[in-house]
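The listed protein sequences derive, respectively, from chains A and B. Under this note's numbering, think of the first position of the first sequence as 1, with each following residue one higher. Under this note's numbering, think of the first position of the second sequence as 1001, with each following residue one higher.
Treat the hints as calculated values from the structure; they're not laboratory data. Idealized CB from N, CA, C, for every residue including glycine. All the given hints hold, so there is nothing to weed out.
Among chain A residues calculated to face chain B with C-beta under 8 Å, some are:
id, residue
1, Phe242
2, Thr244
3, Met300
4, Ser302
5, Ile309
6, Val351
7, Gln359
Per label pair, the in silico range of CB-to-CB distance:
id, chain 1, residue 1, chain 2, residue 2, range
8, A, Asp259, B, Asn1428, 36 to 42 Å
9, A, Ser302, B, Lys1302, 53 to 59 Å
10, A, Lys36, B, Ser1035, 30 to 36 Å
11, A, Asn106, B, Thr1358, 31 to 37 Å
12, B, Gly1037, A, Asn169, 57 to 63 Å
13, A, Ala341, B, Lys1426, 16 to 22 Å
14, B, Asn1428, A, Ala341, 21 to 27 Å
Chain B is faced by these chain A residues, among others (derived, beta-carbon under 10 Å):
id, residue
15, Tyr33
16, Gly245
17, Val297
18, Asn298
19, Ala299
20, Glu304
21, Leu306
22, Gln347
23, Lys354
24, Leu355
25, Asn362
26, Thr364
27, Ile365
As a plain string of letters, each chain reads:
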Amino acid sequence: MKKKLFIFFSVVSTIVACSSSDNSGDTTSGSNYDRKVLLTNWSENIIIPSYTNYQAKLKVLATNSATFNATPSEANLLTLRTSWLEAYKAYQYVAIYSFGKSEEINLKESANTYPTNAAGIDSNISAGGYNLTLLSQFDKQGFPALDYLINGLGTTNTSIISFYSTNANATKYQKYLTDVITRLQSSADTVLADWNSGYKATYIANSGTSVSSSVNITTNNFVKNLEKNVRSGKIGIPAGVFSTGVKFPEKVEAFYKNDVSRELLETAIKASQDFFNGKHFSSTTTGEGLKSYLDYVNAMRSGEKLSTIINNQFSAILTATATLNASFSNQINSDNTKMLAAYDVLQQNVVYIKLDMMQALNITIDYVDGDGD
Amino acid sequence: MIQNYFKQYTSAATLAFYRLAFGLMMLLSLIRFASYGWIKKFYITPEFHFTYYGFEWVKPIGNYTYVLFLICGIAALFVAIGYKYKWAILTFFLSFTYIELMDKTTYLNHYYFITIISFILLFLPANCYFSIDAYKNEKLRFEKVPAWNIDILKLLLALVYFYAGLAKLNSDWLIEAMPLKIWLPNNSNLPLIGPLLNQNWVHYAFSWTGAIYDLIIVFLLLYKRTRLFGFILVVVFHILTKILFPIGVFPYVMIISTLIFFDASFHKKVLNFIARIFASSIILFENGKEKVPNFNTSYQIKIVFISCFVTFQLLFPFRYLCYPNELFWTEEGFRFSWRVMLMEKAGYATFTVKDATTHEEVRINNSHFLTAFQEKQMAFQPDFILEYAHHLHNYYQQQGVNDPEVYVESYVALNGRLSQKYIDSKINLAKENESFKHKTWILPFNDEIKGF
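Pulled out of the complex, with its shape left as it was, chain A reads as follows (with noise of 0.2 Å):
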């Protein structure tokens, strides 16, 4: 008896000798939930698709920008902005998957920085010579920059066609709005050769619990995407719930059109609960999510189903939206107190989501929310 005790001893000492693990908790495995499936229906149904829309709205974009430039009438300036519209929702589908290449092309900054800088964009125009893959120039570029050359460069419709037929630039504005659309579309068109040439599988295959895990990186991407640039950026910083209340109407998005503001927010936030829901991308059919996977590991919270506690929220959030002017600049001047309401509301969700659904799925935030990054 003695005997064996005494070997068992020595097992355990050799055991402590050789343990291997952490003792500060970040680590721990997943649960067999099926990651792969998972990350088959997010590449598949849901980010190619939106990317290949996204592709597809672009070229339409580009066909109607060349028979503007080529026949600068009203009619033609009115039909390019319907698919500059169209092509700037269709991106709220893909600024949430701002990882692998589009990270490395910063696909997000270059397409949707804002506000534009509009002293910027006149000065490239004249002299020319611009680049816009430098990292100075993610201001002057995107939709936002578009914004300001089709609908910000006059007050009327003629005014600003004429920058495009009579002005002694004309050439160069035409050729300054056939390059930003060009930028968009090769931006657009890397990120989806990638996808669709290799990084579908590796995508699949990194299938683990590590923080550089796809699981990881995209719930991560999906999070900050909805705290950073739909929250911070569509109400937050304009209604001025990081400047002690100063407001700035002109930093809401699209501010030159100025009347979209709300419908490409609303258009975020339904692109962001339908990656939650597994949505397949213009479809109705729904596969394995993050609600999924929260119904998997049987997410409680107060004896309600987190996955429905998030969706309820999703639900206020439009509500409350609903109720906003359709130009945030307006909102923001004539009552800001619903914007802040509607602010409140979407930062409840991020909570939920940020807190609650990350712990419960075990998944580690690996961005930090501030300013200036």
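Once you have looked at the hints, place chain B on chain A.
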């Protein structure tokens, strides 16, 4: 009767065995800690450290921190082999405690346990048997030591288990099976037991078994007839926790420590086995001498002091009763109380610094000041939040902000409850001070956890 108790003697082999095992475990733990690069990661890289109230002066000492760990490791080795024991254990106690106090982000109950044990070992003649000291100096050699020398170590170990068991007697643990209900499914990819870990009844079984285990294990170990069974339970329990949770060396420290409950004959066998490796024997130490203490004033003071220390250990974990509101929520009186693995708690804290004159605000990017680990720990513990707020205040004051006001918007989720707002976001934390008093700016919990 008490007089008689202090005149009872027992084999010094048990004490020597424990000294050797403790020293070696500490040495290995320190080597492990260093080999993972944690000295740099936890103590050198962070620009800011969370300190203990009253021990704000205990801070990492730059690259000399490595020297501190080295000294601690050498001391542990000297304790193990019993070389210049009194100095070794004193050095170990001081250096280890200093390391422990450098940053409370890394707080672990088992570090505190080590501090307590090494403190008590200061008062015990653990080098009188199977040690270099006693080998070299016959005057130090004794076969028997007073029984209380062993019993006090058993008592402190018993306290850890029993209090950990008591702490589990609460409604979250027993009725909701929280937090195991959240944690166990994370291991469901394990072979054999994996699929079971998603079952609700398994969560309850683990919770209840864990509580009962903690409460009765010491009694099983105390009685000879149940001792072996108890020890098998100890091994199974701790190996299981080791597999399921990232709790480092703690399971091994506990497994080896419980060997102290065995008969001296077992400890002698182990020591003799080791002695034979060095072509020696423990016979040298079996000199029939009892370490009879001098019942003089200094010995009596020592006994009284140690009794006070034990009383303190018995009472201190109950200090939470002095605070209002839920202990798990406020964490006032949570640490140093053997509350192990009781909570799944996470937070989300956004700080704003405001200039009192211009009213300009800055939103803080926590990663500019804290490591990811520090931020995670800070977000759900009020004393961390307060200390960090003061750090922000001081930092921005130096940056020229007028009388910086610090506000936090924070949410905390505890044991499967939906997150709630945690700290009153209208309170300027720069004006609040750390103390043992209740922190009134912690918002109410809006729920009740019954029990200990």
